[in-house]
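Engineer: The primary structure of each chain is shown beneath.
2 protein chains.
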Amino acid sequence: MQITAPYLLFVGDATDELSIKMAKGAADWRPELCVGEMNADGCTVTTGLPRMSIEEAVDKGAKTFVLGFANSGGVLETRWHPIILEAISKGMDVVSGLHDKLTSVPQLAEAAKQHKVQLLDIRHPESVFKTGTGLPRSGKRLLTVGTDCSVGKMYTSLSLERAMKQHGMDVDFRATGQCGILIAGQGVAIDCVVSDFISGATETLSPDNREAHWDIVEGQGSLSHPAFAGVSMGLLHGSQPDALVICHALNRSHMRGLPHTAFPSLEETIELNVAAAKLTNPDVKVVGITVNTSSVSVEEGRAYCDQVSKALSLPCVDPVRDGCDEIVHYLYKEFL
Amino acid sequence: MQITAPYLLFVGDATDELSIKMAKGAADWRPELCVGEMNADGCTVTTGLPRMSIEEAVDKGAKTFVLGFANSGGVLETRWHPIILEAISKGMDVVSGLHDKLTSVPQLAEAAKQHKVQLLDIRHPESVFKTGTGLPRSGKRLLTVGTDCSVGKMYTSLSLERAMKQHGMDVDFRATGQCGILIAGQGVAIDCVVSDFISGATETLSPDNREAHWDIVEGQGSLSHPAFAGVSMGLLHGSQPDALVICHALNRSHMRGLPHTAFPSLEETIELNVAAAKLTNPDVKVVGITVNTSSVSVEEGRAYCDQVSKALSLPCVDPVRDGCDEIVHYLYKEFL
Numbered sequence: 487m488q489i490t491a492p493y494l495l496f497v498g499d500a501t502d503e504l505s506i507k508m509a510k511g512a513a514d515w516r517p518e519l520c521v522g523e524m525n526a527d528g529c530t531v532t533t534g535l536p537r538m539s540i541e542e543a544v545d546k547g548a549k550t551f552v553l554g555f556a557n558s559g560g561v562l563e564t565r566w567h568p569i570i571l572e573a574i575s576k577g578m579d580v581v582s583g584l585h586d587k588l589t590s591v592p593q594l595a596e597a598a599k600q601h602k603v604q605l606l607d608i609r610h611p612e613s614v615f616k617t618g619t620g621l622p623r624s625g626k627r628l629l630t631v632g633t634d635c636s637v638g639k640m641y642t643s644l645s646l647e648r649a650m651k652q653h654g655m656d657v658d659f660r661a662t663g664q665c666g667i668l669i670a671g672q673g674v675a676i677d678c679v680v681s682d683f684i685s686g687a688t689e690t691l692s693p694d695n696r697e698a699h700w701d702i703v704e705g706q707g708s709l710s711h712p713a714f715a716g717v718s719m720g721l722l723h724g725s726q727p728d729a730l731v732i733c734h735a736l737n738r739s740h741m742r743g744l745p746h747t748a749f750p751s752l753e754e755t756i757e758l759n760v761a762a763a764k765l766t767n768p769d770v771k772v773v774g775i776t777v778n779t780s781s782v783s784v785e786e787g788r789a790y791c792d793q794v795s796k797a798l799s800l801p802c803v804d805p806v807r808d809g810c811d812e813i814v815h816y817l818y819k820e821f822l
Numbered sequence: 487m488q489i490t491a492p493y494l495l496f497v498g499d500a501t502d503e504l505s506i507k508m509a510k511g512a513a514d515w516r517p518e519l520c521v522g523e524m525n526a527d528g529c530t531v532t533t534g535l536p537r538m539s540i541e542e543a544v545d546k547g548a549k550t551f552v553l554g555f556a557n558s559g560g561v562l563e564t565r566w567h568p569i570i571l572e573a574i575s576k577g578m579d580v581v582s583g584l585h586d587k588l589t590s591v592p593q594l595a596e597a598a599k600q601h602k603v604q605l606l607d608i609r610h611p612e613s614v615f616k617t618g619t620g621l622p623r624s625g626k627r628l629l630t631v632g633t634d635c636s637v638g639k640m641y642t643s644l645s646l647e648r649a650m651k652q653h654g655m656d657v658d659f660r661a662t663g664q665c666g667i668l669i670a671g672q673g674v675a676i677d678c679v680v681s682d683f684i685s686g687a688t689e690t691l692s693p694d695n696r697e698a699h700w701d702i703v704e705g706q707g708s709l710s711h712p713a714f715a716g717v718s719m720g721l722l723h724g725s726q727p728d729a730l731v732i733c734h735a736l737n738r739s740h741m742r743g744l745p746h747t748a749f750p751s752l753e754e755t756i757e758l759n760v761a762a763a764k765l766t767n768p769d770v771k772v773v774g775i776t777v778n779t780s781s782v783s784v785e786e787g788r789a790y791c792d793q794v795s796k797a798l799s800l801p802c803v804d805p806v807r808d809g810c811d812e813i814v815h816y817l818y819k820e821f822l
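Protein chains in written order, with our numbering: chain A, 487 to 822; chain B, 487 to 822.
What the hints contain is simulated information worked out from the structure, not anything from laboratory work.
What you are looking at is a predicted structure, and each value in this text was computed from that prediction instead of being measured.
Glycine included, each C-beta is placed from N, C-alpha and C at the ideal position.
Don't take every hint at face value.
Here are the computed distance ranges between Cβ atoms for each label pair [claimed, not checked]:
(1) A:E612 <-> B:E563: 23 to 33 Å
(2) B:N737 <-> A:R696: 21 to 31 Å
(3) A:S780 <-> B:D769: 29 to 39 Å
Computed footprint of chain B on chain A, listed as stretches where at least three residues anywhere in the stretch have a Cβ under 8 Å from a Cβ of chain B [stated by the list, open to error]:
(4) 563-572
(5) 673-680
(6) 684-693
(7) 744-750
Kindly generate the complete structure, drawing on both the sequences and the hints.
Structural biologist: Put into structure tokens, the structure is as follows:
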């Protein structure tokens, strides 16, 4: 599966920043892949990209129409069918990260066939995977892991990729969630893979490579999250990371969605992940910490990161406020 | 999903004991649910049950025709279609644990509809699951965990259930694999669940219960297996076990299917599983060890178990040679 750029990002009638995370991720990290955004009546949020119609987007060369919003349940509402049909009739592929499949709507499937375009349900992996082998692969790998879900593993991964590229390193971002897949143009929605194949799918996602090449594998969930630790474990074993970056969010009192579950400390998170990672890479090293400090001022955020850095003897940054240069310098020294 | 007994076990033309594991499991643990076995020309193995035709089985009251064999790839070969159609035409439900679905063969689906029988593809969970919550549930739970795959977790679970029933305890076996599901008549093939729902599906499988009630949850994989640790982790968190039994097989030099991966020690296995289990049940206790000692003599097996028991201060038995009484006595004292 390969998503063809450039994209037109459709944000529907969203009124909540979080619900257009997918569109916003693409606009923030790959503006060069996006011709603009389109919305519907009532929409109050924006990716910041220029607004345009399907016709205008096609004139600007857009190849793919992206449903860039989410709703609870991941429902594909019938009221969007006419807009999707218009995009198809103009020769655009359509990408959806919703739970409901585009390909399950006969009207859309027929139109896509007629106009020879692809319907890409990126939340539903198409490939047939093998079970993992744990065999060492050539090239280097970095995995982002978290104290919790939604602490910034994707942003950290992309910020690391950007910094490593700026330092002239040979690097690829490997997407494991739907937002990341839109940004990378390819990847595997790892939490949608049948559980027998979590680590096998990750091995496929990050194959043998040049010795100096780095894959930055986007982490998912957390080994400390009662719902998702299985996914995190399979991803950890399958990506056999040489380097780990620990991601954290400031001022959370409990695990996402679970008020009864306490937040693990950074030390516990390091210990848990390193111990588990050693099964497929005994030489694994933690090379840095990233913290989403958006809940406090820049100064308070910086003070927190400095304190963590001192306590753990590792670089610690906010990937959005500070970028990941410091971590890349540390990584470079460790793996020279 | 509920499989209706009694069963006719079809073993095809199998020539290898391992390939009829599913039929053999049902015959060994639930002979009262099986009227007999049926085979095809060339078959050289048996469950030990009386041989009969579909017609004879129906006369004896059989309600379900079971494809009790496996092949590499889990293929449903077309040469078995006529036999399956005959069972359907006689009013029997059909159970398959193969990867290929009965319901995907139009001819079988049509016949099933016409004769009002069910096609049960037990390797393909039908339910829509929720993500896990980690919330404590009432009742008690025991999970079998392993140093590796295929070390006897299902046999241990069933042996424990039998011993606990004999001691008058209130207990249910909760199946998580296809053999177990056939034996229990219900369950969830946990390694076939989408990875986002591993622990959520396990929570559903073992719901709130009476305070003195025990669920014996069948373990899968191993936290030390690079391919399957994700499944084991989700199952561990979702079953929130009060008690763990560690299962092991004697004289294995490496992990199943992975000659490059060393076998973990019993001590390591205990440590790994207890540490991970504490996330959803801080009071978890190991109550015993079971060892498949079939590769050595009864005396050597007994000597090994005695040595382990002494070293770890826990009961240690071969569940087939010794039964699980010793573990149940220990459990009883610990949870009185």
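Engineer: Are N737 (chain B) and R696 (chain A) spaced within 21 to 31 Å by their CB atoms?
Structural biologist: violated, 41 Å
Engineer: Are there three or more residues in the stretch 684-693 of chain A whose C-beta lies within less than 8 Å of some C-beta in chain B?
Structural biologist: holds (count 3)
Engineer: Given that the stretch 563-572 of chain A was listed as covered by chain B, double-check it with a C-beta distance under 8 Å for 3 or more residues.
Structural biologist: violated (count 0)
Engineer: Mind checking the hinted window 23 to 33 Å against the Cβ distance between E612 (chain A) and E563 (chain B)?
Structural biologist: holds, 25 Å
Engineer: For the stretch 673-680 of chain A, do at least 3 residues have a Cβ located nearer than 8 Å to some Cβ of chain B?
Structural biologist: holds (count 5)
Engineer: Take the C-beta atom of S780 (chain A) and the C-beta atom of D769 (chain B), compute their distance, and say whether it sits inside 29 to 39 Å.
Structural biologist: Since S780 (chain A) and D769 (chain B) have Cβ atoms about 37 Å apart, the given range 29 to 39 Å holds.
Engineer: Would you check chain B against the stretch 744-750 of chain A, counting CB to CB pairs closer than 8 Å, and say if three or more residues qualify?
Structural biologist: holds (count 3)
The structure does not agree with the numbered hints 2, 4 stated previously, though it agrees with the rest.
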